[in-house]
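*Asks:* The lines below spell out each chain.
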Amino acid sequence: MKKEVAYFKVNGRSYEVILTPETTLSELLREHLDLTGTKRACGVGECGSCTVLVDGIPTLACSTLAIAVRGKEVLTIEGLAKGTQLHPLQQAFIDSGAIQCGFCTSGMIMMAKALLDKNPNPSRQEVKEGLGGNLCRCTGYVKIIDAVMAAAEAMGKGADR
Amino acid sequence: MIDELSVIGKRVSRWGAYDRVTGAAKYTVDIKLPRMLVGKVLTSPYPHARIIKIDKSKAEKLPGVEAVITFEDIPKKLFTPNRHDLILYHPENERKDMYVISEKARFVGDRVAAVAAVDAATAQKALELIEVKYEVLPAVLDPIEAMKPGAPRIHDFAPNNISLHLNFPGSRGDVEKGFGEADCVIEETFRTSKQHISQLEPCACAASFGPDGRLTIWSPGQSAFLQRRKVAELFDMPEGMIKWITPHVGGSFGKSGALSVEPICVALTKKTGKPVKIEYSREEDFRGTETRQTYVATGKIGVKKDGTITALQEKLIVDGGAYFSRNSTTSMASMGGFTGLYRCPNVAAEADCVYTNILTTGGIRGYGNSEGTCVLEQLVDKAAKEIGMDPIQLRLRNIKKAGDPDNKGLPMETCTLEELIKVGAEKIGWAEKRARKKQNGTKKYGIGMAIMMDVSGAHPSCIQHRNAYIKFNEDGSANLVVTAYDMGQNLPGACAQIAAEVLGIRYEDIHILNGDTDSTMFDTGIGASAGLYQVGQAVMKAAQEARRQLLERAGKRLRLAPEELEVRDRRIYVKSDPQRGISVAEVTRQATYNLEGEHLNIFGKGSFSPTQSPPPFATVFAEVEVDTETGEVRVQKILYVNDSGRVINPATVEGQIEGGIAQSVGYCLTEDYVINRETGVLESDNFTTYKIPSALDVPETEVILYEEPVPSGPFGAKGVGHGTTIAVNPAIANAIYDAVGVFITDMPATPEKIFEALRRR
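Just so you know, the sequences run in chain order A and B.
Numbering-wise, the first sequence is residues 29 to 189 according to the numbering used here.
Numbering-wise, the second sequence is residues 20 to 780 according to the numbering used here.
Just so you know, the hints here were simulated from the structure itself, not pulled from any lab data.
Here the structure is a predicted model, which is why all the values come from computation and not from measurement.
Errors might be hidden in some of the hints.
Unchecked claim - Covered, in the sense of this in silico footprint (three residues per stretch, anywhere, with C-beta under 8 Å from a C-beta of chain B), are these stretches of chain A: (1) 34-47; (2) 69-79; (3) 98-106.
As the list claims (entries may be wrong) - Mimicking DSSO-like on lysine-lysine, the simulated pairs with C-alpha atoms at most 30 Å apart in a straight line are: (4) 710(B) to 146(A); (5) 51(B) to 30(A); (6) 319(B) to 463(B); (7) 401(B) to 323(B); (8) 324(B) to 100(A); (9) 324(B) to 427(B); (10) 156(A) to 463(B); (11) 289(B) to 45(B).
Yeah, the Cβ is synthetic: ideal placement off N, Cα and C, and Gly gets one too.
Next comes chain A alone, as it looks inside the complex:
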């Protein structure tokens, strides 16, 4: 298939990339931009590991064409911290022991960010439902939910979003 030049904005930075139209967003991020923090565990939109935010909306990068996000703001796990200042969700995942192998972590955190942006004070059940499409094989989710609740509280207290 014919390659073309496309322009993307990822984590606040502009990129010019030569790619074929069938390139997925996860391929763009991982293979073209070396942003490998976005993981690909199933490749068909069943596990949530590749979740990124496109104009603030949680999006499965494995099932989205790269060209569909031209001109939009893409936020990946690499763009979440401000320099060395971690986002409250990142800090809460560390403090709550919510990370085991870490392969689902990026997608979980991005999904949780979208959730908290929309609902800053969720109940545990709402967090469960919000993360229901993100699979984890290690943690049993208990500490992941703890982390999101802790982050919500920290953010409510004015921690930097």
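Starting from the known structure of chain A, fit chain B onto it as the hints suggest.
*Replies:* Coordinates of chain B only, in the frame set by chain A:
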């Protein structure tokens, strides 16, 4: 050593946490090298077929294709992907029955060719251009059928497809006599579930030869030194010419203890002279990586009216799939679990390991003990019901105590099973809930429990040895160099806590180098919850040696004997006069840059080889609600009471248990590895059809950490993670039995099966 611990027992952040929350952590799938090619594997569409001819010419001509390899292009050496033949004291029970690429297809998914190309799309296209002419052979997909005379033979050396007959060496007493003495004898046949590992990082490997002929392999290998030896032997290389890097690992649960695509990746790298990476799709991972064995397990228990167990017998038919892999050791563990949990004078077990034309099985968390204990614990509940006794009372009647032999026959230093049962029963309100009215409309409530005894490593079956070294930096921090693979269980973090505690510095002062065979010392591989108990001891010894040197050096400065000194929180002080002291950093800096005299790098090395394998224990309670109209089971709550000795990091230990519970809930209720009985094709090859639990599927979970330090462990610690999938399954099954009287013999207990069982009554 001072009484109060400053780092052990603390909820410090896990090793590698910052890398993992920022996306910086590199896993095998993230490895990218200059000129790297993409490798892909062609697999058989037939469960059993002779390969008549492979024409690879069209594929080779496709632009961008750099290599196409078949059976003709690989070393003609039979091997086993499993590591145990290298370290077992009785390797005669292993089978070398596999080639890197198969000469004959033995299951749907068996590897018949591989390609390397400039990108994934070209590699995929090339696979489609490989023309394979098969002679389809009759296949056998069921272990019972496979053993019958006249069944298709899968491997020439194995008549009736029996790869191995095992008489359990721990059999004792006279079971016939024991059953004769019993007032109640129960016998049931179970078919255990072929659960798939489904770690989130797909199976992957990268490999590259340097200009000097040295080979580097990146793979999530959790026994890299043994896996390296296997690759070395296959490709006629000395081990030292191979450097094996284990990057961050996206989950393992046993998978990475065996070789997978590594030899194919090496063959492609060798042929092309360029780096190659293979990364499975999820579908390929489901079709081509390890599952549990299916045990057709016939268990028999005899009990007296007073609850005394008089005899236990287990006969296993083990469906190991197309290749042998870890059949012998998992079967042994299963029989050990069945026969070793309770005091019982008469036990016997035997197993037939059988080949079938389905995906090869492996060794998954719980490793046979999950299945053996589940069968036993369900039989115990059925026996209790028959004799009209509370199942807890029956268990307490037969419970083992400290000094009794464990499930491997070694005397136990500690045994807290009785305490764990009592703590859990009290906490959950067993007596009240067990007596509770069961019916609530169409929903029936039930409560069940089960206990388990696991291992802290593979002693005394295998050689196990561990090595670590610690070197102080000038600034008083230290590097810990150790083979402590982190598949998610945070072994490096626990090792760092041990090192920091012994050295008297802070957790964050320990920098870890891990997973690189060029830098770390030899290690026999992590598995069977060996890590903390065994590697932790090597780290402790290394730290003790470094501490000795540190205090000696400090003593020279302070003109005191080292015995008069103590070190804590980065400061060395005089025991009798704590105000007098010197910082660790001052000592290490002076040791390095001493212009007046002796300069040295403070360095400690530690090695450890176990003489014991103290069992972790657990008691698990499950509360369920069964919908009698739909057959649906909802697990309301799991209470897990755990003794893994001293807890080094409570967050890590709880996390291991919570994860084990979720995997068990999947195993019990939803994870169904469905193979089409006509075609041999896997029908559940994605996360929609093979349902691992989501956040919405896990029950309320409560974990109690009951700590009884074991004398032989590092700070009293034992293993944790491996055993967490053992007692949850039978607790849930027993709760279902309590709720609706349906005795589960075939997991997962799907709504269809429960509904059918209810309908038949």
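*Asks:* State for each hint whether it applies.
*Replies:* Hint-by-hint comparison with the structure:
1. 34-47: Three-residue rule not met by the stretch 34-47 of chain A, so violated; n is 0.
2. 69-79: Our answer is that it holds, as 7 residues pass the Cβ test (under 8 Å) against chain B, meeting three.
3. 98-106: Since three or more residues must qualify, the claim that chain B covers the stretch 98-106 of chain A holds, with 3 doing so at under 8 Å.
4. 710(B) to 146(A): holds (29 Å)
5. 51(B) to 30(A): Holds - the C-alpha atoms of residue 30(A) and residue 51(B) are around 24 Å apart, at most 30 Å.
6. 319(B) to 463(B): holds (29 Å)
7. 401(B) to 323(B): holds (13 Å)
8. 324(B) to 100(A): Not OK: residue 324(B) and residue 100(A) at ~74 Å, beyond 30 Å, violated.
9. 324(B) to 427(B): holds (29 Å)
10. 156(A) to 463(B): Holds, at roughly 25 Å.
11. 289(B) to 45(B): holds (24 Å)
Of the numbered hints listed earlier, those contradicted by the structure are 1, 8.
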